[in-house]
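Trainee: Each chain, letter by letter, is given below.
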Amino acid sequence: MARGGYRAFVKAIRNYTYEEVCDIVERSGLRGRSGGGYPTGLKWKQALNTIANARYLICNAKESDPGAFTDRTILESDPYRLLEGIAIASYAIGSSEAIIFMRSGAGHALERLRIAIDRSREYGLLGHNIFSSGFNLSIRIRIEPGAFVCGEETALINTLEGRRGMPQLKPPYPATSGLFGKPTVINNVETLMNIPLIMQNGPEWFRSLGTEDSPGTKVFAIAGKGRMSGVVEVEMGTSVRDILEDIADGIREGRDFKAIQLGGATGTFIAGDDLDVPVDYEAMREKGIGMGAGGFIIIDENTCMVELVRYYMEFIRNESCGKCIPCREGTGRMLEILESVIKKPADEDSGTTLERFKGVMQLETIASVMKDTSLCGLGQTAANPFLSALHNFREEFEEHIFDRKCRANVCRGLRSFSIDVDKCTGCTACATRCPVNAIYGTRLQPYFIVSEKCTGCGICFDVCKFSAITVK
Amino acid sequence: MFFTIQVNNRKIKAEKGETILSALNRNGIIIPTLCRMKDFTPTGACRMCVVEVEGRNRLVAACSQPVEEWMKIQTHSPRVITARRTIVELLLSNHPDDCLYCDRNLNCELQRLAEELNIRERRIRARKIKPHLDQSSPAIVRELSKCILCGRCVRVCEEVMTATSVDFISKGRNTHVGAALDKDLNFSSCIQCGQCVLVCPTGALHEKHNITEVQEYLHNKDVIKVIQYSPAVPMGIAEELGIRYSREFDRVLNGILRKVGFDRVYKTGTGTDIAVSEMSDQLLTGIKNDSGGPLYISACPAWVKYAEQFMPGILPQLSGVKSPQQITGSLIKTLIADQIGIKSSEIFSVSASPCTAMKFEARRDGMMRKGISDVDAVLTVRELARLIRLHGIDTSVIEQEAADDPLSGRSSAAFLAEVSGGIAEGVLKDLIYKMTGKDADKHIFKRIRTGGSFREAVISIDKMSVNVAVVDGLTGLEKLKAALADGKKYNLVEVMACPGGCIHGAGLRPPNSKEDLKNRAKTIYQADDTEAITLPSKSPACISLYSKLLGANSETADHKIFYTHFEKRNVLL
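Chains as they are written, first to last, in the working numbering: chain W, 1 to 472; chain L, 1 to 573.
One should not assume that every hint holds.
[To be verified] Think about it this way: if two alpha-carbon atoms lie no more than 30 Å apart in a straight line, the pair counts; the simulated BS3-like pairs of lysine-lysine are:
hint : chain 1 : residue 1 : chain 2 : residue 2
1    : L       : K72       : W       : K287
2    : W       : K343      : L       : K128
3    : L       : K16       : L       : K38
4    : L       : K128      : W       : K344
5    : W       : K170      : L       : K11
6    : L       : K514      : L       : K183
7    : L       : K481      : W       : K358
8    : L       : K16       : W       : K170
9    : W       : K358      : L       : K38
10   : L       : K488      : L       : K446
11   : W       : K170      : L       : K481
12   : W       : K182      : L       : K568
13   : L       : K481      : W       : K182
14   : L       : K38       : W       : K182
15   : L       : K488      : W       : K170
16   : L       : K128      : W       : K453
17   : L       : K446      : W       : K170
18   : L       : K514      : W       : K170
19   : W       : K405      : L       : K479
20   : L       : K259      : W       : K182
21   : L       : K130      : W       : K343
To be clear, the hints were calculated from the coordinates, so they are not data collected in a lab.
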């Protein structure tokens with residue numbers, strides 16, 4: 001507070017009316033940072049202009065993508081700025097009740113946020129009649145158990161109302177009819193963090209950062225096989241390649257770069273020329289890339305794209321709420337088909353091969369129908385990892401399907417091990433550890449692997465001290 | 001306000017505020033739907049109704065999107081057709097392919113959609129859903145592997161029946177519809193009304209079949225096979241068999257049933273007359289003694305179970321009179337058995353009814369004496385029609401026959417009891433006749449015949465005025481509770497669980513629209529206007545029972561077999 005905390009909030013409630021605050025945010029061009037990129041000021045105005053006896057502000061700090069930790073880092077390091085942002089936003093839409101929606105297991109972030117709320121209340125920055133302005137605000141934290149889809153706006157509202165976390169049809173949008181039928185603004189943590197700065201420095205200052213369409217900055221959580229990982233804030237317009245090479249300091253020693261995945265479980269893979277795309281909502285949309293909420297995963301050559309897509313698909317299939325058919329059934333089918341590509345079939349006769357090809361032929365149709373028809377954002381983006389991986393790494397998929405080979409040697413079902421007769425000393429280390437007894441031989445003579453029995457687990461490869469076992 | 005929008009390159013008129021779907025339907029364009037139910041707010045779960053709107057990235061669900069003036073819509077473009085086809089193919093991919101053995105074969109919405117979209121090959125393969133058959137309930141069978149999760153049953157149960165017995169459980173691939181704590185249906189608050197069966201698009205929900213059991217007994221020479229059918233059954237059978245219903249069809253049905261193999265055919269309507277007569281006596285005693293609370297009619301078994309679970313406080317005021325089916329059933333096992341000269345265990349008594357809850361009622365405590373149940377098997381109208389078809393009976397050449405005495409006749413009041421408000425009307429008419437000896441003026445009942453889910457009227461008899469309330473569908477209970485909380489006093493309250501009464505029962509053919517229900521009600525009201533015997537007190541069958549037959553039999557002399565008891569019921573809520 002000594003360093004100017006809450007000054008923006010005081011400025012807002014002393015000098016401006018509700019409309020003026022909305023106007024300032026609208027002029028700043030701030031767009032929702034949760035991935036959709038909807039202009040924040042416009043959303044606020046819609047809520048403000050809807051006649052109602054109560055309005056709600058919800059801060060979405062759910063963040064349940066695998067490998068995303070931006071919100072959490074922010075909450076841990078600067079909870080006061082978030083509270084200030086919430087306070088200004090609540091004032092702007094005339095809401096006296098704000099809810100921070102968190103998932104369970106937030107640990108430190110939750111603890112610090114609680115302390116921050118308590119202190120702010122002690123200082124009279126929250127509560128009744130703040131600074132004699134007649135404006136009341138209470139901030140509550142709601143901790144909800146973890147379904148992924150509850151991060152979706154309408155599903156989130158359903159959970160808050162105590163119902164099953166299933167997305168609802170839009171329209172009506174939450175901004176006009178949300179929580180308990182009242183106008184509700186839902187902003188994510190990063191969006192709200194920008195508000196105090198905009199109030200303090202003015203919309204023109206904010207516009208000076210970033211690009212024309214997307215002013216400001218964007219926070220990414222860099223993870224994966226880069227030399228550096230952590231949370232970084234970049235100016236909009238920076239290219240993805242710059243983030244990768246300058247900020248994350250490139251890929252780890254001795255590895256080849258493969259792709260970057262933006263936006264968590266339903267995000268897109270970027271590789272090749274697309275890496276030059278600037279971080280900008282419009283530019284990315286043109287390329288068919290979703291900005292996402294800030295996941296930035298660096299992938300190297302040791303990762304199998306098919307297996308990775310399968311992993312994400314499994315995650316989404318388990319997290320689909322089950323309401324609409326394309327998402328519920330589509331993710332299930334896509335996962336089953338991807339598994340058939342990766343796994344070793346019981347017997348490779350013509351029937352199973354034909355089945356596999358038939359399935360693969362349907363993948364793209366299912367993916368596009370899911371994208372076209374699903375009810376909420378989860379289903380609409382569920383096929384993104386698959387589609388973008390297919391776009392960038394088609395040959396890798398084809399290798400899996402036709403040649404039954406995994407170039408990263410990750411897919412167990414497609415690996416075949418053999419023993420180099422010249423190197424094998426017959427030490428029996430592999431044979432004793434093989435879980436399916438697929439390795440035979442006589443002591444001190446070269447051993448051999450029965451490929452029909454082998455499950456591709458790779459234990460023999462790991463235990464061999466003479467590098468006698470080779471993978472294909 | 002009307003404006004024009006462009007659909008498939010042609011202009012059509014649309015009204016401001018309506019959805020795309022309603023504009024299209026009005027203009028003769030059919031869009032397939034699965035999760036949609038008329039008069040409900042759309043949920044948009046099935047995505048079958050998607051259409052292409054120019055300027056939108058994604059396809060738009062027509063059931064919920066309001067029309068706007070700028071819209072240019074393609075309803076059957078290749079992109080839309082592919083999407084719809086894929087959705088149905090996805091549903092079929094893990095569906096158990098046992099259409100030939102399915103209850104809804106030839107009558108299944110999923111089957112119809114697959115046919116309409118010309119799906120001729122299984123392109124998408126999948127692991128089948130693990131079969132789970134829930135047969136715990138006496139009335140309703142759930143086959144979860146056939147469920148396509150459209151959510152219609154969940155919404156009907158919550159929004160129409162207010163029982164909220166089923167909901168979605170779990171997420172992702174494991175999502176399924178289940179009762180409380182994912183136990184079987186019998187442990188839940190299900191009131192067995194079967195409205196979910198009526199709305200289910202596939203064979204995931206159907207009534208429990210008693211048809212095999214009945215068939216076995218039909219060939220058993222050691223027992224006397226007896227059937228009773230309630231007044232709505234001939235109407236329902238006529239609908240099922242595609243015949244136009246008229247009064248004569250009752251007599252045709254008697255002939256059909258004898259051809260099927262039943263030894264005796266009786267009318268549940270006689271039982272209804274007795275129930276009405278008993279209740280009018282109860283009402284009169286209640287008013288004379290000023291018993292305080294109203295008399296709740298207990299003819300609807302679904303309502304009785306609802307009251308036992310959710311409103312145990314009113315159980316003392318619930319009239320103990322059994323439902324017409326059970327009254328007739330108990331008379332068959334006593335009076336008729338004596339008449340034929342056999343033991344009651346040698347009678348196999350079947351009841352045909354438009355209701356699934358009757359299956360549950362026949363197995364209730366207090367519905368049997370000396371270990372012999374009043375009714376042995378209950379068939380819905382659908383099942384009875386199936387039985388008739390099974391026996392290869394040409395309904396066009398059947399001779400008209402009369403039902404067997406003494407349970408052979410019914411008054412029009414008994415037919416009226418199949419419509420919501422009808423029993424209350426019958427009871428009051430009977431009371432008026434008993435007290436004044438005159439027929440009631442029909443116009444005084446207008447206010448309890450139509451007018452929403454909660455209707456009330458004051459009927460004056462002699463110098464006495466009777467406050468009557470009719471709850472049409474369980475949603476009306478809220479209004480009743482509010483009125484009672486306001487200090488309103490009623491003498492007689494009729495509750496029918498299904499909106500519209502028994503003519504909306506789950507054993508009948510699912511009504512396509514409210515018009516169908518209105519037509520059924522109209523038939524019944526017309527019968528009431530034209531038939532000669534309008535009251536139990538005028539019905540010869542009823543008079544002969546009360547004046548001679550009941551008294552002559554030791555078991556029926558005190559009329560106790562017409563009464564039962566109700567207790568608070570503990571279920572998972």
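Trainee: Does the structure break any of the earlier hints, and which numbers would those be?
Mentor: 6, 7, 9, 11, 12, 15, 17, 19, 20
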